[in-house]
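K.L.:
What follows is each chain in one-letter form.
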Amino acid sequence: MNEQTPISREDRLQKLKGIGSARKRVEDARFTQGKGNYVDDFNLPGMLFGDFVRSPYGHARIKNIDKEAALAVPGVIAILTAEDLKPLNLHYMPTLAGDVQAVLADEKVLFQGQEVAFIIAEDRYIAADAVELVDVDYEELPALTDAFKALDDDAPLLREDIKDKMEGAHGPRKHHNHIFLWEEGDKTGTEQALSVADVVVEEKITYQRVHPCPLETCGCVASMDKINGKLTVWGTFQAPHAVRTVASLITNIAEHNIRIVSPDIGGGFGNKVGVYPGYICSIVASIVTGQPVKWIEDRIENLTATAFARDYHMTGKIAATKDGKITGLWCHVLADHGAFDACADPTKFPAGFFHIVTGSYDIPVAYVGVDGVYTNKAPGGVAYRCSFRVTEAAYLIERMIDILAHKLDMDPVELRLKNFIKKEQFPYQSALGWEYDSGDYHTAMEQGMAAVDYYALRSEQAENRAAFDRGETRTLMGIGTAFFTEIVGAGPVKNCDILGLGMFDSCEIRIHPTGSAIARLGTVSQGQGHATTFAQIVATEIGIPAEDITLEEGDTDTAPYGLGTYGSRSTPVAGAATAMAGRKIRAKAQMIAAYLLEVHEGDLEWDVDRFQVKGNPEAHKTMKEIAFASYNQAIPGLEPGLEAVSYYDPPNMTYPFGAYFCVVDLDVDTGVVDVRRFYALDDCGTRINPMIIEGQVHGGLTEALAITMGQEISYDEHGNVKGGSLMDFYLPTAVETPVWETDFTVTPSPHHPIGAKGVGESPNVGGVPALSNAVNDAFAHKGLTHMQMPHDHWRVWKTAEKLGLTG
Amino acid sequence: MSKMHVKMTVNGKEIEALAEPRTLLIHFLRENQKLTGPHIGCDTGHCGACTIDLDGKSIKSCMTFVGQVAGKSVTTIEGIANPDGTLHALQEAFREHHGLQCGFCTPGMITRAHSLLQENPDPTDEEIRYGISGNLCRCTGYQNIVKAIRAAAQMLNVQEAAE
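Chains D and V supply the protein sequences, listed in that same order. Using the numbering used here, you'd call the opening residue of the first sequence number 1 and step up by one each time. Using the numbering used here, you'd call the opening residue of the second sequence number 1 and step up by one each time.
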């Protein structure tokens with residue numbers, strides 16, 4: 001069976017389409033023909049529909065719920081309220097942050113859009129009719145929507161269910177609306193550094209409440225098979241195994257009798273990490289009725305009730321010498337968590353990895369304190385296309401650096417270069433406790449500066465400012481730079497878990513007799529193209545062409561246990577597991593090859609797709625031949641077959657970084673900001689598929705544009721959501737979106753098996769500060785220190801007006 | 001609620017069915033006709049995931065009642081491929097140029113692009129961007145979608161010139 005076709009090593013490598021290949025996506029054939037399989041596409045026999053009655057108030061007591069008229073509608077099967085769930089102890093569910101959240105409102109509603117009753121009906125139209133007919137008698141209570149007033153003595157009591165519980169999941173609570181105070185770093189040392197510094201700048205910087213808003217909303221189909229006792233739930237789950245464990249713990253159905261499936265997912269961006277009341281109610285409804293129950297939220301429900309992101313009110317103080325050497329960083333955050341603490345963070349980190357806030361800079365001493373508070377807003381606090389609270393941290397430090405540069409009258413890029421962690425300092429221990437794995441910041445920044453011709457842009461800006469002052473133009477030019485360092489790939493089991501589940505991930509690879517393979521992972525693609533890229537890792541590791549490898553994810557009955565896809569963890573954790581599983585297969589394959597070639601294992605070397613005898617490459621066995629042999633030969637000392645599984649516990653996080661440059665032209669009379677140019681250099685370590693990386697960067701930058709320029713979920717003083725539909729919530733179209741320029745450097749992660757770091761979220765983390773810095777920079781010479789996001793036309797115009805620049 | 005008799009052409013086939021008059025066309029196509037290519041991404045006509053072609057014009061099928069299309073001809077993503085079963089140039093180009101990621105906007109986007117190229121067979125990048133501005137994508141940043149539509153237009157124009 002030896003393949004004798006003399007093909008060159010280069011051709012064999014090409015054929016694999018392994019790591020580094022811009023391989024076209026295998027997912028696309030289905031999607032371009034409308035043959036995707038999203039949860040709303042499921043149509044099971046006898047399927048019922050669920051829909052919610054939701055609170056119109058931000059804060060109110062429920063005096064009575066009258067279901068009679070709704071129950072009289074033909075086709076309405078049942079209506080669940082908290083009273084129905086109480087006997088099952090399901091009226092509250094645990095959150096990922098150590099709090100509980102009402103599944104259906106228990107005596108009180110705490111945010112507009114909160115789930116009050118769940119209608120089960122024969123079709124979605126009947127369910128919608130019944131929603132209108134449920135008569136809920138509310139007594140409105142004063143709403144708390146300003147986080148700065150949450151801890152006032154006379155602030156309304158929101159959480160009556162925990163009013164006497166003054167010890168929370170993250171330590172003592174100092175007020176009935178307080179959730180935790182979390183601190184990291186050297187407070188005394190930092191205050192000392194601030195007190196002796198030549199220069200200190202202080203700024204209050206808010207990162208507004210936004211929403212991930214994937215194009216597909218959240219939903220599920222729950223089906224309880226009463227004959228075999230098995231519950232199957234198909235749904236929009238970024239972490240299906242975690243959902244299975246949580247479902248088992250709260251329903252008392254044994255875990256082997258629960259199957260959770262994530263079919264195709266229409267974007268996640270963090271929105272689909274959490275467990276929502278709709279999932280629990282659908283499961284209960286299916287158990288009660290014995291029929292499958294589908295629940296699909298609409299867009300307004302998605303924006304107003306499922307997980308928001310950010311809502312961090314940050315205060316930063318930076319100390320420096322007069323020539324621009326940073327000597328300390330002090331930060332405090334007032335974190336608005338809404339009505340229930342449902343933040344999606346690893347258990348030990350109630351503010352996520354916000355303490356990456358020292359960024360790309362060698363800052364000797366730092367302190368962070370975060371106070372979490374309850375308000376009458378929707379719960380959530382997910383990582384919207386970023387690792388846990390990393391984008392908030394990157395925004396704070398990158399704005400503060402610009403503000404410091406302005407104060408020192410230094411160029412912001414030069415200030416960054418002066419304070420960067422140097423290449424030879426890696427692995428670098430940050431003042432707030434992280435060990436940065438690798439980086440070469442100066443090279444990346446200088447490559448970016450050359451690409452955009454940075455100093456020429458500054459000269460052009462000087463001319464523009466002079467022309468503006470002479471009255472020759474009404475447009476101001478702004479230049480924004482951001483140099484971010486992310487922390488992704490959560491994470492090491494020693495300090496990262498969610499509800500006690502260690503944040504390792506997994507891959508199982510099985511080679512078929514004829515030399516093709518299937519790989520199954522604990523992660524879930526939501527557009528990232530895992531079926532394409534993970535097959536490339538397998539191809540490189542075991543020498544089977546990527547096109548001969550099926551990749552499967554998202555079915556807990558077949559996939560090995562993993563913690564799912566969010567926080568750019570798939571490549572750093574499951575990608576590592578994939579490489580390690582491949583290496584286990586290769587190790588066994590080497591033993592088989594040695595037997596077949598009648599040589600000692602040590603006499604063999606791996607070459608692309610085969611083991612060959614050292615010094616005699618003609619004597620070789622390809623992986624395909626080895627695979628067949630593993631199934632048809634009795635090899636002494638070896639079990640038949642060729643498969644392996646790896647559960648990978650990463651030794652550290654990975655630290656992708658990048659240099660972003662943005663140029664805007666801002667019309668002071670209309671507030672319209674035109675993004676003239678945006679250059680993004682990313683270093684995500686080893687690059688698995690350059691085409692997919694570029695696509696991820698385009699998409700992440702567009703989300704950054706949306707956040708910076710327009711997205712906001714705000715509330716009025718009564719607790720009404722403003723911006724809860726696509727009428728108001730800004731999603732840029734192709735017209736507002738600029739052309740993105742991408743570039744890269746490669747600094748592999750030293751601890752990752754293939755050196756990859758993850759990239760999907762970098763453009764959001766770096767994009768927001770680069771865009772915001774550019775808009776702020778346009779006004780900097782007119783005395784502006786900081787303008788709050790979003791930089792929509794109205795706010796930009798108001799800023800111009802305040803600075804005396806408008807007509 | 002009582003049902004009405006509806007008759008229309010869907011992807012070249014005459015169909016007849018019973019539906020409540022208030023049924024939105026998107027629900028009729030997805031649930032009655034089992035054409036789950038067009039998707040629902042909002043309820044307000046903004047996202048374009050439900051875009052279909054009605055008598056040669058792009059419409060949002062979540063903004064249309066089934067009764068409004070009686071006697072008309074509907075084309076969905078399932079009807080875009082060439083008559084011989086091969087993929088349409090747009091479907092090929094979206095794959096070739098990485099014009100999709102999660103795939104949720106893709107059916108509506110391709111269906112819209114299909115009409116756009118009939119309205120304007122040789123659009124500039126700017127015309128493409130305006131032409132698809134009723135369709136939102138959260139993953140790609142549109143850049144590769146624009147590239148894919150331009151490439152498909154070129155491919156179709158070359159084919160037409162050869163015929």
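Treat the hints as calculated values from the structure; they're not laboratory data. Some hints here could point you the wrong way.
Said to hold, decoys possible - Result set (DSS-like, lysine-lysine): computed pairs, CA atoms no more than 25 Å apart in a straight line:
hint : chain 1 : residue 1 : chain 2 : residue 2
1    : V       : 147       : D       : 422
2    : D       : 15        : D       : 423
3    : D       : 149       : D       : 163
4    : D       : 35        : V       : 13
5    : V       : 57        : V       : 34
6    : V       : 147       : D       : 24
7    : D       : 35        : D       : 204
8    : D       : 174       : D       : 15
9    : D       : 187       : D       : 174
10   : D       : 204       : D       : 722
11   : D       : 35        : V       : 147
12   : D       : 325       : D       : 226
13   : D       : 187       : D       : 63
14   : D       : 35        : V       : 3
15   : D       : 230       : D       : 325
Small disclaimer: the values here were computed from a predicted structure and weren't measured.
K.L.:
Between residue 187 (chain D) and residue 63 (chain D), does the CA-CA distance stay at or below 25 Å?
P.N.:
Violated, because 48 Å separates the two Cα atoms, which is more than 25 Å.
K.L.:
Check whether the Cα positions of residue 35 (chain D) and residue 3 (chain V) lie no farther apart than 25 Å.
P.N.:
This hinted pair is violated, its Cα atoms lying about 29 Å apart.
K.L.:
Given the hint that residue 187 (chain D) pairs with residue 174 (chain D), does the C-alpha gap stay at or below 25 Å?
P.N.:
holds (20 Å)
K.L.:
For the pair supplied as a hint, residue 204 (chain D) and residue 722 (chain D), is the alpha-carbon distance within the 25 Å limit?
P.N.:
The given pair, whose Cα atoms are some 23 Å apart, holds under the 25 Å limit.
K.L.:
Given the hint that residue 325 (chain D) pairs with residue 226 (chain D), does the C-alpha gap stay at or below 25 Å?
P.N.:
violated (68 Å)
K.L.:
Tell me if the straight-line CA distance from residue 147 (chain V) to residue 422 (chain D) falls inside 25 Å.
P.N.:
violated (39 Å)
K.L.:
For a C-alpha distance cap of 25 Å, please report whether residue 149 (chain D) and residue 163 (chain D) respect it.
P.N.:
It holds: about 18 Å lies between the C-alpha atoms, which stays within 25 Å.
K.L.:
Do the alpha carbons of residue 230 (chain D) and residue 325 (chain D) lie within 25 Å of each other, as the hint requires?
P.N.:
Distance of about 63 Å is beyond 25 Å: violated.
K.L.:
Do the alpha carbons of residue 35 (chain D) and residue 204 (chain D) lie within 25 Å of each other, as the hint requires?
P.N.:
Cα-Cα ~49 Å, so violated.
K.L.:
Quickly compare the C-alpha distance for residue 147 (chain V) and residue 24 (chain D) to 25 Å and report which way the hint goes.
P.N.:
Holds - the C-alpha atoms of residue 24 (chain D) and residue 147 (chain V) are around 15 Å apart, at most 25 Å.
K.L.:
Hey, residue 57 (chain V) versus residue 34 (chain V), does the alpha-carbon distance stay inside 25 Å?
P.N.:
Holds, because 22 Å separates the two Cα atoms, which is no more than 25 Å.
K.L.:
For the pair supplied as a hint, residue 174 (chain D) and residue 15 (chain D), confirm whether the alpha-carbon distance does not exceed 25 Å.
P.N.:
violated (63 Å)
When the structure is compared with the earlier hints, violations turn up for hints 1, 2, 7, 8, 12, 13, 14, 15 and for no others.
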